[in-house]
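*Asks:* Put chains B and C on the given structure of chain A with help from the hints.
Top line first, the protein sequences correspond to chains A, B and C.
Going by my numbering, 208 is the number at position 208 of the first sequence; the sequence numbering is gapless.
Just add 355 to wherever you are in the second sequence, counting from 1, and you've got my numbering.
Just add 654 to wherever you are in the third sequence, counting from 1, and you've got my numbering.
Certain hints may be false.
[Stated by the list, open to error] Anything over 12 Å on all C-beta distances counts as not near chain B; from chain A, calculated:
1) V149
2) E171
3) I296
4) I320
[As the list claims (entries may be wrong)] If the Cβ cut is set under 7 Å, some of the chain A residues that face chain C in the computed set are:
5) A156
6) G249
7) N252
8) S308
9) S315
10) L319
These are calculated hints, taken from the structure and not from any lab test.
A quick note: this is a predicted structure, and the numbers were derived from the prediction, not measured.
A virtual CB, placed ideally from N, CA and C, is assigned to each residue, including glycine.
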Amino acid sequence: MFHREAGVFKTTYAADMALYPLPIARWAVAGVALLFAVVLPSLLHEYYLSIINLVLIAIVGALGLNILVGYTGQISVGHAAFMSVGAYTAANLAVRLDLPFWITLPAGGLMAALIGAIVGIPSLRIKGLYLAIATLAGQLIIEWTINHVPAISGGAQASIEVPRPTLFGTELKTQGQLYFFLLFFAALAIVATLNLVRSRIGRAFVAIRDQDIAAEIIGINIYRYKLLSFAISSFYAGVCGVLYTYYLGIANYEQFQIVVSIDYLAMIIIGGLGSVLGSILGAIFVTMLPIVIRWIVEGFGSYFFTASELAGVSSSARLIVFGSLIIFFLVVEPEGLNRLWRNIRNYFRVWPFSY
Amino acid sequence: MMIDELSFAFSLVVSGLSIGLMYSLIALGFVLVYKATDAINFAQGEFVMLAGFVAAGVAAVEGMPILAAIIAAVAVMVLFSFALERVVLRPLLGRPIVAVIMATIGLGAILRGLPPLTVGGQTQSLSLPIGDEPFVIGPAVLPPIQVVGVIVSLLFLGAFTWFFLKSRMGVAMRAVADNQQVAMAMGINVQRYFALAWAMAGIVSALGGVIWGSMLGVDTHLALVGLKVFPVVILGGLDSIVGAVIGGLIVGVVESIAAGYLDPFVGGGTKDFAPYVLMIVMLMFKPYGLFGQRRIERV
Amino acid sequence: MSASHKCWLYAASVAAAVGIGAGAAAAQQKELVFGLHCDRTGATQTVGTFLCPGYHDYIALLNSKGGIEGYKVRVIEIDNEYKVPPAMEAHERFKMEGAVLTGLYGTPQTAALAKKLDEDKVLGTSPGFGTAAAADGQRYPYVFPIAASYWSQGTAGVAFAKERLGGSLKGKKIAFLFYDNPAGKEPLPILEDLAKSEGFELRTFAVPAPGVEMGAQVLDITARYRPDFVIAHLFGRAPSVAVKELKGKGYPLSKLVSFVWGASEADVKAAGGFGAAEGYNVMQFAGVGTDYQVIKDINAMYKAQGKPEPKEQEISVYYNRGVMVAALHAEAVRNAIKTKGGAMPTGEEVRKGMEAITNFTLGGLVPPMKITPQDHEGGGWVQIWTVKGGKFAKAGDWKQPYRDVIKKHLDMEAKK
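Extracted from the complex, chain A is given alone in its bound form (with noise of 0.2 Å):
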């Protein structure tokens, strides 16, 4: 990620397919991790680990996303929808069969899969935007249902405790202990995506999402595949659900609305359709932006408007800047965040003897 290589000389596949090109890489990623595992939970405040806290669970459903629409080239506008499946399961099996996040977990990221595979079943007939709306029916359909069928809800206020994750016997309940809770699957979550595109299944979606036509005529069963990327997507969906649920210690189907779709979108496209890197940098975007624009606005503004007026310029900016951002990476950089990085990269690679 961080390293410079001065040429290519790889002689196999194997090396050509390798996470860490090279050893230097491998020690970028240790870095990394000893950032995230040590360094920042003893040096920042709680109130700065929530916001990462949000961030993690957020680039779970990013990569997630990515993998339907950015490697595999569908769309789903519904993809909230499953993050409240994989939440209400998980609640459910958490409060009536008193089951641990770790079966819990998992479970609700399956049957989000489930739920994903069967929304994701008229992808087969259409594409494009008879696509995203089939999507947003599901959306619809699927908040209706959890709406009205209390057995699923847990009664009329369609909310339902969940009991704070225990590990080893102890209780995760501030920012902190959060913390480690959600890095964990954040990271399991990125190291599995990035295996999953460079394996056969990833070369599959990468085909269907080139070419659809041509990859059916190299042997690439595109029903199948259509529907294991929605389900692979809807389970990374349903477990982000999941850390919702175990991190506001709530289920609550009014939390995954369709805007929550659409800033999900957001941060894929923001951050880089079909790449790992730019779904996390995209997550971290979307996430902090409406932050760290109120930071400006209240470090700017309080010469210029009263404490009331600011809060309202501060979310009319907000809103604008995002709708601004997302129009600006279509129009002048497609390929997002990702790309910006690499060229960033790429300059310093031959710095400074560039021409």
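*Replies:* Chains B and C only, in chain A's frame:
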């Protein structure tokens, strides 16, 4: 009792048909753009909202006739649509569909962020000088604004049908929609027709904004009517003017019937959900809608 | 001037600067931080853009008069866009800044933060939203509805119908038109219970989001069910659509009463204006209009600064609710500081201060509530206002009907 039940059903259908045409009014803008330029506007609701704000702003000026407000809304929407096409959508030509969808979603966010900064968050009222004497058809009564909506929708239907079938520009636009490269080769200025399509969508959105705005009042809630577009256009077919109208009628009636006959049994609002279920069924069996053009592509 | 003099001057000015800084730090110790969640850009922005300025203006007024017992108040407002994760971030921020209390915003956000507030021992107020069960102070020690819950509003609606229909509901028909989400469904058990005990027939009519159109439901009400009274519990644009539709179908608005979130000037305006909505009844948990001393004081403060009256007062229903929340926050903190003899209170002490509030009416803007460690709702007071002659007019005093029913349901919730 039987008569009562019948007249209730009749009223439900009439109210469904009229509200359905009000949906068509919004869906038409969407279809026009898609038909001619293959672009998808997820910010159709925000377009309607913007038009509403412009019209309400002009109408609020002392002594300004309502016609001036409508003209202003049309003018602003046409200019805005032109600008949008040039600045945002033209660079996105040939890019995956998700790019255009997200660009319009981003645009929607900008449009929703603007009113609180400029005109404030309060609800603006906008009233057309049509009184509020309900319009009676047998046992059914309709609010006058819905009658206006119905008339405008039908007028647009007539005008656009004529335009696309008979007028030279309309035929050219269909050619552009069908195959841009061939159209170019035939000497059609593709870019001009793209702009024209957006301008027409701007006019439709402007009138939609005025009519829906005077029905609901103008504030950011007005953008929510955009959500109603999708089942309408999928049912009718994305690129069919007639489809938008028929789709609207179907959605309106289905909603009405669901609320009148289904809700009492399930104890919840099935109204918003019924059209989407119908839409999914349609997607599975007839993916290009009732009147949509079939694009044959088998995988 | 020699070089050494210059050097000396420089050092002095630095010292002075440091001294000022230290002074500022000392002043900051006499500062209280209030955290305010708000929604100015999300689903409920038409409420938040009026309610939150009311909150800020009251605090500004308080500060202009010397603050609370010598402490200045700093409000940190965070817009959560009606989403849950930003509300969590906001809570942590408030905690870091040392907020002594927080004002929550939104039902799902309240549900998600209830546990956190408990763990961090900072109270949160949820006026007019959140779960009705939170009125039980034993179960939710740090959540304070401080205004009539949806249950209390349900009882108030039935009591008002009873009053309007001549003192008895036996054999009458009431329609409940509600927004089809958890908040909308919350009063159902109360209404069903009252239907049994009062002997009226109840039928419910759901309006799914976004509720911009409800011709069929209203037709069902007016043409098929033909109720004697309609109680509406709607959000967003839906209340005004309901008023328009009911009126258009010939139903008298005097037999319609709305819950608190369909009760603002904006709803009436969108329904065609005060002239068209004549007779429409609404529930309030704070006073309406600008005819209160505290509002006049706020305007006087702005006038003294050479500024116009806040334009948010145009929707006085929400603005006043913001003022009310701010005033109750300030009162709770004042109680806490007084019992502590002027020292900075902790979150727990502020909770006790809140639980000591009785009869704090702010000239009639706030109901005569009594908040106790058991009852965080403060009695569930509701006042009905009616659109009359171009404005909202009081249709009665503050009331808290059927408290026994509410008590019974709270006990049932607690046993769950």
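*Asks:* Next, verify each hint and record whether it holds.
*Replies:* Consistency of the hints with the structure:
| no. | hint | result |
| --- | --- | --- |
| 1 | V149 | violated, 10 Å |
| 2 | E171 | holds, 37 Å |
| 3 | I296 | holds, 16 Å |
| 4 | I320 | violated, 4 Å |
| 5 | A156 | holds, 5 Å |
| 6 | G249 | holds, 4 Å |
| 7 | N252 | holds, 5 Å |
| 8 | S308 | holds, 3 Å |
| 9 | S315 | holds, 4 Å |
| 10 | L319 | holds, 5 Å |
The structure shown violates the earlier hints numbered 1, 4.
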